[in-house]
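**Student:** With the hints as extra help, turn the sequences into a complete structure.
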Amino acid sequence: MSEQASRETQPDSNRPADSAEGLPSERKLKKSAPIKLRLFGRTDVGQVREHNEDNFIVADLTKASRGLMETDRNQIVGERGVLLGVCDGMGGAAAGEVASQLAVDIIFQKMISGEPPKDHDEIAARLVHSIESAGLRIFSEAKLDRTRRGMGTTSTVAALVDDHLFIGQVGDSRAYILRGDRLVQVTRDQSLVNQLIEAGQLTEEEAETFEHNNIILQALGTSDSVQVDLTFVELKRGDTLLLCSDGLSGMVRNEEIREVLRTIDDPLEVCKTLTDRANQAGGHDNITVVVSKFEGEALPEPTEEDISGLRYRKYQLPEPMPPSSLTAPDPSRRVKELDQPKISVPLTPLPSTSSSEGHRRESDSERREDPSKDGEGPSSYGPRSHGSDDPIQIPTDGAPQWLIVMMIASALACITIAGYYLLKP
1 MSEQASRETQ PDSNRPADSA EGLPSERKLK KSAPIKLRLF GRTDVGQVRE
51 HNEDNFIVAD LTKASRGLME TDRNQIVGER GVLLGVCDGM GGAAAGEVAS
101 QLAVDIIFQK MISGEPPKDH DEIAARLVHS IESAGLRIFS EAKLDRTRRG
151 MGTTSTVAAL VDDHLFIGQV GDSRAYILRG DRLVQVTRDQ SLVNQLIEAG
201 QLTEEEAETF EHNNIILQAL GTSDSVQVDL TFVELKRGDT LLLCSDGLSG
251 MVRNEEIREV LRTIDDPLEV CKTLTDRANQ AGGHDNITVV VSKFEGEALP
301 EPTEEDISGL RYRKYQLPEP MPPSSLTAPD PSRRVKELDQ PKISVPLTPL
351 PSTSSSEGHR RESDSERRED PSKDGEGPSS YGPRSHGSDD PIQIPTDGAP
401 QWLIVMMIAS ALACITIAGY YLLKP
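Residue 1 is where the sequence shown starts when you use my numbering, and the numbers rise one by one after that.
The reader is advised that the hints may include incorrect statements.
Listed next, the in silico DSS-like pairs over lysine-lysine satisfying Cα-Cα at most 25 Å (straight line) [stated by the list, open to error]: (1) 236 with 36; (2) 63 with 36; (3) 236 with 28; (4) 28 with 314; (5) 314 with 293; (6) 36 with 293; (7) 118 with 63; (8) 118 with 30; (9) 236 with 118; (10) 30 with 293; (11) 28 with 118; (12) 272 with 293; (13) 28 with 293; (14) 63 with 28; (15) 236 with 30; (16) 293 with 236; (17) 314 with 118; (18) 314 with 30; (19) 63 with 30; (20) 236 with 314; (21) 63 with 293; (22) 272 with 36; (23) 118 with 36.
What the hints contain is simulated information worked out from the structure, not anything from laboratory work.
**Tutor:** Dropping the structure here:
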């Protein structure tokens, strides 16, 4: 990758987080001419994996419809907006597929619930709540079914209501914007390798061969809560959005992605070309892409300043956050069982390489090497201590503490009485 391409496609890690001056000056929704979208999405299993654990969503929230029928590929943004997202599941075999499918389904259902958003804060808060709710539901399902323990998914989801595109990020799937001839990554990877790059401990060239580049720092479902990184883009006419899993960004260089987006106009052909390029490069992971081109008189033509100023920008929600109709999922409710058996592989804590905990994706080749990962039950796949067996977890649940105390007291009383009569002259 050229130095120029690297600078243009990576967020500025030295730039401080956006203050109030970096936020939109007007938080109310704009009533103007319609915004038009031409979009498409595609997912591919790749050349190595046996299962596709990725999922994506393309939805018209106003019509409460999702899909890629001919009529869905050209949309006009309505009062509820448009939802686009990519989720990259993990957990082994089909458990990752369950997690990513749950994520897109729950986020969609939450985004179409309630009244249409009244302002930017409300749509942004609803996006964050939806992603958080999906994470909690996946976590609850994993606790209920031991075969799905450790399943999780990344989530990069964009919601558009007027000219403001909000992006909620968990994990290392990515969102890019092509404006003019410049491609900019408008999300930040929540991964160990990106953390080391931003800390200056690793160069981008070294990152390509870094042995722990499959460790991410957050995923939906691996804990009961997540920190959603909320960012936004004020769109201009002709902007192109690319959402993708790391099956694309990890196999195809940013400069090549930029050229495909710049030279091919049809989103369907863009998706096909990018997935083909990733497969030609080795296809080491599942590949998922969603491409949307934004047009319409409501969007101004980009100026040179708009092009050069495009960057990663956080959106600061007010405290407290706007009220939401979203509620936590009921852990007693079970998701409808799928036809295929699902397998869960626990996620590995990050070794002493970093102070943060990380989650590692498991390849199909790793599962084949260890028969314990072929569906017979949960297994661990991280560093072990000098070849010893996995530690045995001793159950701590038992009788109530008051009962134990009474039993001990009764035993002591019996011993005292018996001793009295035995020692009595």
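**Student:** Give a verdict on every hint.
**Tutor:** Right, here's what the structure says about each hint:
1. Our distance criterion of 25 Å between C-alpha atoms is met by residue 236 and residue 36, whose separation comes to about 12 Å.
2. With a C-alpha separation of about 15 Å, the suggested pair residue 63 and residue 36 falls inside the 25 Å cut-off, and the hint holds.
3. Restraint check for residue 236 and residue 28: the C-alpha separation of about 18 Å stays at or below 25 Å, so the hint holds.
4. Between residue 28 and residue 314, the direct Cα distance comes to roughly 18 Å. Compliance with the 25 Å bound is thereby established for this hinted pair.
5. Straight-line distance between C-alpha atoms of residue 314 and residue 293 comes to about 22 Å, which keeps the hinted pair within the 25 Å bound.
6. With a C-alpha separation of about 8 Å, the suggested pair residue 36 and residue 293 falls inside the 25 Å cut-off, and the hint holds.
7. Pair hint residue 118 plus residue 63 holds up; C-alpha atoms about 17 Å apart against a cutoff of 25 Å.
8. Annotation: proposed proximity of residue 118 to residue 30 holds, straight-line Cα distance about 10 Å (limit 25 Å).
9. Between residue 236 and residue 118, the direct Cα distance comes to roughly 22 Å. Compliance with the 25 Å bound is thereby established for this hinted pair.
10. Only pairs whose Cα atoms come within 25 Å are accepted, and residue 30 paired with residue 293 is accepted, the gap being roughly 20 Å.
11. Only pairs whose Cα atoms come within 25 Å are accepted, and residue 28 paired with residue 118 is accepted, the gap being roughly 7 Å.
12. With a C-alpha separation of about 16 Å, the suggested pair residue 272 and residue 293 falls inside the 25 Å cut-off, and the hint holds.
13. Pair hint residue 28 plus residue 293 holds up; C-alpha atoms about 24 Å apart against a cutoff of 25 Å.
14. Proposed proximity of residue 63 and residue 28 is supported: the alpha carbons are some 22 Å apart, at most 25 Å.
15. The straight-line distance between the Cα atoms of residue 236 and residue 30 is roughly 14 Å, inside the 25 Å bound, and the hint therefore holds.
16. For the suggested pair residue 293 and residue 236, the alpha carbons sit about 10 Å apart, so the restraint of at most 25 Å is met.
17. Distance hint between residue 314 and residue 118 is fulfilled; the C-alpha atoms sit about 20 Å from each other, no more than 25 Å.
18. Note on residue 314 and residue 30: the hinted pairing holds, with a Cα-Cα distance of about 20 Å set against a maximum of 25 Å.
19. Restraint check for residue 63 and residue 30: the C-alpha separation of about 20 Å stays at or below 25 Å, so the hint holds.
20. For the given pair, residue 236 sits about 18 Å from residue 314 by alpha-carbon distance, which is consistent with the 25 Å threshold.
21. At most 25 Å may separate the alpha-carbon atoms for a hinted pair to count; residue 63 and residue 293 meet this at roughly 20 Å.
22. A hinted pair counts as satisfied when its Cα atoms are at most 25 Å apart, and residue 272 with residue 36 qualifies at roughly 22 Å.
23. Between residue 118 and residue 36, the direct Cα distance comes to roughly 20 Å. Compliance with the 25 Å bound is thereby established for this hinted pair.
Hint compliance for this structure: no hint is broken.
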